[in-house]
Amino acid sequence: MSVTLFNTLTRTKETISGSPVKIYSCGPTVYNYAHIGNFRSYIFADILNRTLRLAGYPVLHAMNLTDVDDKTIKGAIELTQKNPGKYADLKEALHAYTAPYTEAFFADLKKLNIIPFDLHPRATDFIPAMLDLVERLIQAGIAYEQDGSVYYRIAEKKDYGKLSRVDLDKNKTGTRYNTDEYDKDDVRDFVLWKAEGKDGVHWHSDHGDGRPGWHLECSAMIHEIFKGPIDIHTGGVDLIFPHHENEIAQSEAAYGGEFVKHWAHCEHLLVDNRKMSKSAGNFFTLRDLLEQGKKPEVLRYFLLSAHYSQKINFTSDALDMAAASVDKFFSLMNRLGRTAKNQADVSPVLAAASEKARQNFLAELADDLNTPRALAVVHEYMREANAFIDTAKENLAAGDHTTILETLRFFDKLLGIIDLMPQAGVSAELQALLDERNQARAAKDFKRADALRDQLLKAGYKILDTKTGSHLEKV
RNA sequence: GGUGUCGUAGCCAAGUGGUAAGGCAGAGCUCUGCAAAAGCUCCAUCCCCGGUUCAAAUCCGGGCGACACCUCCA
1 MSVTLFNTLT RTKETISGSP VKIYSCGPTV YNYAHIGNFR SYIFADILNR
51 TLRLAGYPVL HAMNLTDVDD KTIKGAIELT QKNPGKYADL KEALHAYTAP
101 YTEAFFADLK KLNIIPFDLH PRATDFIPAM LDLVERLIQA GIAYEQDGSV
151 YYRIAEKKDY GKLSRVDLDK NKTGTRYNTD EYDKDDVRDF VLWKAEGKDG
201 VHWHSDHGDG RPGWHLECSA MIHEIFKGPI DIHTGGVDLI FPHHENEIAQ
251 SEAAYGGEFV KHWAHCEHLL VDNRKMSKSA GNFFTLRDLL EQGKKPEVLR
301 YFLLSAHYSQ KINFTSDALD MAAASVDKFF SLMNRLGRTA KNQADVSPVL
351 AAASEKARQN FLAELADDLN TPRALAVVHE YMREANAFID TAKENLAAGD
401 HTTILETLRF FDKLLGIIDL MPQAGVSAEL QALLDERNQA RAAKDFKRAD
451 ALRDQLLKAG YKILDTKTGS HLEKV
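So for the first sequence, the numbering used here puts the first residue at 1; every next one is plus one.
No lab work stands behind these hints, which were simulated from the structure alone. For clarity, every value in this text was computed on a predicted model and none was experimentally measured. Glycine included, each C-beta is placed from N, C-alpha and C at the ideal position. Take the hints with a grain of salt, since some may be wrong.
Here are the simulated PhoX-like cross-link-like pairs (lysine-lysine), alpha carbons at most 25 Å apart as the crow flies [said to hold, decoys possible]:
| id | residue 1 | residue 2 |
| --- | --- | --- |
| 1 | K74 | K158 |
| 2 | K184 | K74 |
| 3 | K111 | K413 |
| 4 | K13 | K162 |
| 5 | K261 | K295 |
| 6 | K341 | K393 |
| 7 | K294 | K413 |
| 8 | K275 | K261 |
| 9 | K275 | K294 |
| 10 | K356 | K295 |
| 11 | K91 | K111 |
| 12 | K158 | K170 |
| 13 | K462 | K474 |
| 14 | K162 | K311 |
| 15 | K198 | K158 |
| 16 | K474 | K447 |
| 17 | K278 | K71 |
| 18 | K278 | K110 |
| 19 | K444 | K462 |
| 20 | K294 | K13 |
| 21 | K157 | K278 |
For each label pair, taking beta carbons as the anchor points, the in silico distance ranges come out as [claimed, not checked]:
| id | residue 1 | residue 2 | range |
| --- | --- | --- | --- |
| 22 | D465 | D238 | 49 to 55 Å |
| 23 | N395 | D125 | 54 to 60 Å |
| 24 | A96 | D167 | 41 to 47 Å |
| 25 | R53 | G85 | 35 to 41 Å |
| 26 | D390 | E258 | 51 to 57 Å |
| 27 | D132 | D89 | 21 to 27 Å |
Working from the sequences, and respecting the hints, build out all of it.
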């Protein structure tokens, strides 16, 4: 099945092609723990990845790690000051500073059950490629050197602004920039290579010691890794301008031809209807949420409950609603785990409904990753499956059992929550309490039976009384 | 000021020209000793005002409101 995706460049939905589909997703700057707004973007990349795979596309997916920028350098300098003599040079300190955040990032990806990306290029490993890009731009007459820094001359790029549709002439710049503070020929020009003295993190170059500008790394790494244009480039909407606009300007001018076929951007996660951001201070990290007892699978579900192109407001209520849906899914999984299986003929009705649900689910995803609609399909199927098990009085034909389970697992190839499902281990002690409660119940000692039920609930288990007996399920 | 996005039931959220998906909450019912779980049933005419059309939540114009980018930002 072919997948369509909205392209920011053309503002239309377009069919994805490529074998493999080459994807580059803007990843984190590892100067701190990523917050869940950042993770919306990475989950978006994950959903794209999973959808393409589910639809049968081979995929080659890279997500970068920005480990050199103002913030990481600042952190490295502070680290050096706190530990005099510990690091051979600032570059070593830089790596020491970014390493724990890099590790934390990977740990969080794992906790959220994001399928590992194929490649995670680090900016500092691609300095030569970046310098090569700078040279190409200078050769092409697009970049110029000024006091050891190299700038990109925007006036040379006739179609500058085609992605974000900004017209820089119309933007008000006077209040934002003080032209006198810049050495650039034009305030709008952006830095490719930043002069950096001995007291900063620097690499040698023909233009003197310095370090790469922000936009440089993605262009250089994409060229180095994919050896040509890529199919999809993803990121948050805030990257459209100037980051992605500048990537296009650099890459097209340096390497010629097309840079990226398809630009895909996800909207922001909001808190109190404001963008979640580090600078605003209104952010939560995944760690924060887990400490509050929130579940990663619930966060995953929550992020899928709105389309990626829409803002989504992070609230306690919204998370509770997501939790209810996740519970429903897990309850059905648990229910299947304890239904009896017989050798009766399979139900053609169930088989047809299951097949249709799978097709609809995939079709919704293939249509610009419409996760809310895909979730609607899941809910409808859960209802059908539960009704089917009701009718069968918890005694299913083995084939029907398999059909339902496999369909849920099919959905999970996208949802990615089964791996995060709590294990329902019931201790002998708990089982004894349950047995005692049922004995009391049989003896019509309901007061005692209810007391034992409360006791189990306090221990974190609710009782499910079914046709086939009583079971415990973790709350 | 420029450029975008959005405004759908108590809440969340799809749909974007043919008469409102799904979820949460709520109400009634079945089942149950009672409950829980599950199932069944019920629960909106789409911010406002004009216009186009046989037909508009969906297109156009004008309001009002919210958010984002133009500065580091996913």
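Verification of the supplied hints:
1. K74 x K158: violated, 36 Å
2. K184 x K74: holds, 24 Å
3. K111 x K413: holds, 16 Å
4. K13 x K162: It holds: about 17 Å lies between the C-alpha atoms, which stays within 25 Å.
5. K261 x K295: violated, 36 Å
6. K341 x K393: Holds, at about 11 Å.
7. K294 x K413: Measuring from Cα to Cα gives roughly 22 Å; hence the hint holds.
8. K275 x K261: Status violated; Cα separation ~28 Å.
9. K275 x K294: holds, 21 Å
10. K356 x K295: violated, 31 Å
11. K91 x K111: violated, 30 Å
12. K158 x K170: It holds: about 16 Å lies between the C-alpha atoms, which stays within 25 Å.
13. K462 x K474: At roughly 6 Å apart (the allowed maximum being 25 Å), K474 and K462 satisfy the hint.
14. K162 x K311: holds, 23 Å
15. K198 x K158: violated, 37 Å
16. K474 x K447: holds, 23 Å
17. K278 x K71: holds, 12 Å
18. K278 x K110: holds, 22 Å
19. K444 x K462: OK: K444 and K462 at ~20 Å, within 25 Å.
20. K294 x K13: violated, 35 Å
21. K157 x K278: violated, 33 Å
22. D465 x D238: 49 to 55 Å: Holds: the Cβ-Cβ distance is about 52 Å, inside 49 to 55 Å.
23. N395 x D125: 54 to 60 Å: holds, 59 Å
24. A96 x D167: 41 to 47 Å: About 44 Å separates the Cβ atoms of A96 and D167, which means 41 to 47 Å holds.
25. R53 x G85: 35 to 41 Å: Once the Cβ atoms are compared, 49 Å apart, the range 35 to 41 Å for G85 and R53 is violated.
26. D390 x E258: 51 to 57 Å: Since D390 and E258 have Cβ atoms about 56 Å apart, the given range 51 to 57 Å holds.
27. D132 x D89: 21 to 27 Å: holds, 23 Å
In the structure shown, a violation is registered for the earlier hints numbered 1, 5, 8, 10, 11, 15, 20, 21, 25, in ascending order.
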